[in-house]
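A.B. asks: For the record, the sequence lines run as chains A and B.
Positions 1 to 257 (full-length UniProt numbering) are the ones given, in order, by the first sequence.
Positions 1 to 257 (full-length UniProt numbering) are the ones given, in order, by the second sequence.
Hint data in this document are derived by calculation from the structure and do not stem from the laboratory.
None of the values given here were measured: they were computed from a predicted structure.
A few of these clues could be false.
[Stated by the list, open to error] Calculated pairs, DMTMM-like style, for lysine to aspartate or glutamate (alpha carbon to alpha carbon, straight line, at most 25 Å): (1) A/Lys167 x A/Glu197; (2) A/Lys125 x B/Asp102; (3) A/Lys167 x A/Glu186; (4) A/Lys72 x B/Glu165; (5) B/Lys60 x A/Glu197.
[What the hints assert, rightly or not] Rough simulated footprint, nothing fancy, chain B against chain A, three-plus residues with beta-carbon under 8 Å: (6) 46-60; (7) 129-135.
[Claimed, not checked] Which residues of chain B face chain A? A few of them, derived with a C-beta cut under 10 Å, are: (8) Gly2; (9) Ser5; (10) Ser89; (11) Leu161; (12) Glu165; (13) Phe181; (14) Val254.
Backbone N, C-alpha and C fix where the C-beta goes; we use that ideal spot for every residue, glycine too.
There are 2 protein chains.
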Amino acid sequence: MGKDSPMFNQSVDKGLAILAAFGARNRQMSLAQIAEAVGITRSSAQRIVFTLDTLGYVTKDPYTRRYELANKVMEIGCNYVAANPLIESANPFLSAMNSTCDETVALTEPCGTNMVYVASFTSRKPIVAHMAIGSRMPMYCTSAGRAYLAGLPDEEARTLLRESEIKPLTPATLLDPETIFAQIVESRARGFSMNFEEYMLGHMNVGAPVYNKHGRAIAAVHIVAPSSRWTREEVTGKLGAMVRECAGAITNAVRAH
Amino acid sequence: MGKDSPMFNQSVDKGLAILAAFGARNRQMSLAQIAEAVGITRSSAQRIVFTLDTLGYVTKDPYTRRYELANKVMEIGCNYVAANPLIESANPFLSAMNSTCDETVALTEPCGTNMVYVASFTSRKPIVAHMAIGSRMPMYCTSAGRAYLAGLPDEEARTLLRESEIKPLTPATLLDPETIFAQIVESRARGFSMNFEEYMLGHMNVGAPVYNKHGRAIAAVHIVAPSSRWTREEVTGKLGAMVRECAGAITNAVRAH
Numbered sequence: 001m002g003k004d005s006p007m008f009n010q011s012v013d014k015g016l017a018i019l020a021a022f023g024a025r026n027r028q029m030s031l032a033q034i035a036e037a038v039g040i041t042r043s044s045a046q047r048i049v050f051t052l053d054t055l056g057y058v059t060k061d062p063y064t065r066r067y068e069l070a071n072k073v074m075e076i077g078c079n080y081v082a083a084n085p086l087i088e089s090a091n092p093f094l095s096a097m098n099s100t101c102d103e104t105v106a107l108t109e110p111c112g113t114n115m116v117y118v119a120s121f122t123s124r125k126p127i128v129a130h131m132a133i134g135s136r137m138p139m140y141c142t143s144a145g146r147a148y149l150a151g152l153p154d155e156e157a158r159t160l161l162r163e164s165e166i167k168p169l170t171p172a173t174l175l176d177p178e179t180i181f182a183q184i185v186e187s188r189a190r191g192f193s194m195n196f197e198e199y200m201l202g203h204m205n206v207g208a209p210v211y212n213k214h215g216r217a218i219a220a221v222h223i224v225a226p227s228s229r230w231t232r233e234e235v236t237g238k239l240g241a242m243v244r245e246c247a248g249a250i251t252n253a254v255r256a257h
Numbered sequence: 001m002g003k004d005s006p007m008f009n010q011s012v013d014k015g016l017a018i019l020a021a022f023g024a025r026n027r028q029m030s031l032a033q034i035a036e037a038v039g040i041t042r043s044s045a046q047r048i049v050f051t052l053d054t055l056g057y058v059t060k061d062p063y064t065r066r067y068e069l070a071n072k073v074m075e076i077g078c079n080y081v082a083a084n085p086l087i088e089s090a091n092p093f094l095s096a097m098n099s100t101c102d103e104t105v106a107l108t109e110p111c112g113t114n115m116v117y118v119a120s121f122t123s124r125k126p127i128v129a130h131m132a133i134g135s136r137m138p139m140y141c142t143s144a145g146r147a148y149l150a151g152l153p154d155e156e157a158r159t160l161l162r163e164s165e166i167k168p169l170t171p172a173t174l175l176d177p178e179t180i181f182a183q184i185v186e187s188r189a190r191g192f193s194m195n196f197e198e199y200m201l202g203h204m205n206v207g208a209p210v211y212n213k214h215g216r217a218i219a220a221v222h223i224v225a226p227s228s229r230w231t232r233e234e235v236t237g238k239l240g241a242m243v244r245e246c247a248g249a250i251t252n253a254v255r256a257h
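Chain A on its own, in the form it takes in the complex (with noise of 0.2 Å):
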C-alpha cells in the first residue's frame, strides 16, 4: 500500500518533494544542496530538476548558478483557493469583521495538527508578523486550531493532540495534553477558543470553528489581537463574541451552499 504499491510513482515523489523543500532558509540551491534536501542521487536530481527547469517551475540564476522556484509554482496552491468554495463564502464576512476590529482575521484549515491560512485580512495598524497564505501554525498552541479541535468528536481531538509535538513555544505554551484539552471543552462551552502569547510573544488570539453541513467542524477562523493594543478582557469580551457570530455566519453561508 502507499509508497510501496507498484502503483506509486517514485519520479512524481521526487518532483513534488524537490518543489516543497525550497523555502526561506533554501532560496537557492545548488544540485548537489537538492539532492541532499531532499535524499535522492544527484544524477536522479539532475534529470527531476531539468524536467521542472523545462516546465517553468524552477529557474537557474544567471548569477549565482544556482535553482530557485519560479513564480508558476504559485499557479498550484492558487487552484486549491480558488476551488475551494468555503473561501468564497467566507472572504465577504472576514473582510467585514477585519473592517470592524481592523486587527488582522484568519481563515485556516486542517492539514495534519498544523492549522493552513487560506485567508487572510491584514490589520491596516502595525503588525508583528504577516503570516502569509499557505503558511502554517500547530493546532495544540492557537486558539485556531483549539477552535478546530472543539468542533470534532473528543476522541478525535485526543488523538490529534497525542500526535502533535508539544513543545514551549514562549514561556507561556501549555504543555499538559489535559490541560489544554480541558481549554478546548471550556471553549466548546463558550463558543471560541484563547491562546494568550503561547505561539508567538505580543499575540492574543480567538478563535471559533466553521462547521459544514454535516455538522463537522471543517475549518476556522480567529483574530489576532497584539497585546500593545488590547486586554485580555477586552479580548476575551468584545473579539471573542466577534470572532464566535463571524464562524457562525460562515457556517450559515456554507450549509446554504
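Take the given structure of chain A and dock chain B to it, following the hints.
C.D. replies: Frame of chain A; chain B shown alone:
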C-alpha cells in the same frame, strides 16, 4: 531539447499537469475527467492520481467519489512566497500605502504575458473583486502589466505585447498594440501607468514598476480605485503619485538587500 530530451521525465510533467488542471471550474474530477483534462490515458491518470493521493496532494471526496485538491498543495506555492525576498521587502510599504489610501494595493510579478499576484492588502471598504494571491491578469490591459512593460527595454515590451492574446474584456479595453505601446511610453515619463475599466468594469488602476539592482523591472505595485469612490482626476493626481513613490521605496529596499 526541453520536452523531447531524454532527460525530461514524463511522470513529473503529468503529476504537475494534474495538480494544475484543478480550479474553480474543475473543483472535483473523476479519473476519466482528469485523464481528459490533461490529455493522458486513463491508466496513466490512475497511477499518477494514486501517487498524488498517497502523498496527500489530492483526496477523494467520500460522497461524490471524485478527486479534489488537498490543502497540502498550498505548501508549494507558499514556499515561493516565503523564499521571495522581494515580498518581504515590499510588505511594509504596501501595508503603509494601504493605510493611507484605504484601497486595495498589490504587488505582482511577470509570468509569461500575465502578472501574478504575490502580495496584496485589501481595502476595508466594499470591493468589486477579490484577487487572491496566485491569481493572474494580462499585462496588456492592466496598470500593473503596463507599468512592468514600461520598465523593460522597448523591444522586450513590444515582444510581450505581440505574444499577448489581446481581446476586449470590457467595452473600454484598448485593442491596438501601437496605441497600448504609446500609453506605455507615456507612462514611463509620468512614472506610473493607468487603466480605466479596461480589465474590469468599475475598476480604475494606477501602477508603477519595481526594479532590481541591475535596473531591470521585476515587478509592479498597483492600487485598485473603484469608480464608485474616485474620479479619474483624483486617480491620476493623487493615487498616481502615491503608487510611484511606493514602487520607488520598494526599489530602494530591494537594491539595499
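A.B. asks: Hints first: check each against the structure and report whether it holds.
C.D. replies: Status of the hints after comparison with the structure:
Proposed proximity of lysine 167 of chain A and glutamate 197 of chain A is supported: the alpha carbons are some 14 Å apart, at most 25 Å. Of the pairs offered as hints, the one joining lysine 125 of chain A and aspartate 102 of chain B holds, with about 12 Å between alpha carbons and a cut-off of 25 Å not exceeded. Of the supplied pair hints, the one linking lysine 167 of chain A and glutamate 186 of chain A holds, its CA atoms being roughly 22 Å apart against a limit of 25 Å. Taken as a hint, the lysine 72 of chain A and glutamate 165 of chain B pair is honoured in the structure, with Cα atoms around 19 Å apart against an allowance of 25 Å.
Restraint check for lysine 60 of chain B and glutamate 197 of chain A: the C-alpha separation of about 37 Å exceeds 25 Å, so the hint is violated. With 9 residues bearing a CB less than 8 Å from a CB of chain B, the segment 46-60 of chain A meets the requirement of three and the coverage assertion stands. Three residues within the 8 Å Cβ limit are the bar, and the segment 129-135 of chain A against chain B gives 5, so the coverage statement holds. With 10 Å as the threshold, the beta carbon of glycine 2 of chain B comes within range of chain A, its nearest partner Cβ sitting at about 5 Å, so the hint holds.
The interface hint given for serine 5 of chain B is met, as the beta carbon of that residue sits about 7 Å from the closest beta carbon of chain A, less than 10 Å. Because the smallest distance between the Cβ of serine 89 of chain B and any Cβ of chain A comes to about 12 Å, over 10 Å, the interface hint for this residue is violated. Here the hint on leucine 161 of chain B is broken, as its CB sits about 20 Å from the closest CB of chain A, past 10 Å. A hinted interface residue such as glutamate 165 of chain B counts as satisfied when its beta carbon comes closer than 10 Å to some beta carbon of chain A; here the least separation is about 17 Å, so the hint is violated.
The criterion of a C-beta within 10 Å of any C-beta in chain A is not met by phenylalanine 181 of chain B, whose closest approach is roughly 25 Å, and the hint is violated. For valine 254 of chain B, the suggested interface contact is broken, since its CB lies about 14 Å from the closest CB of chain A, more than 10 Å.
When held up to the earlier numbered hints, the structure conflicts with 5, 10, 11, 12, 13 and 14 and fits the remainder.
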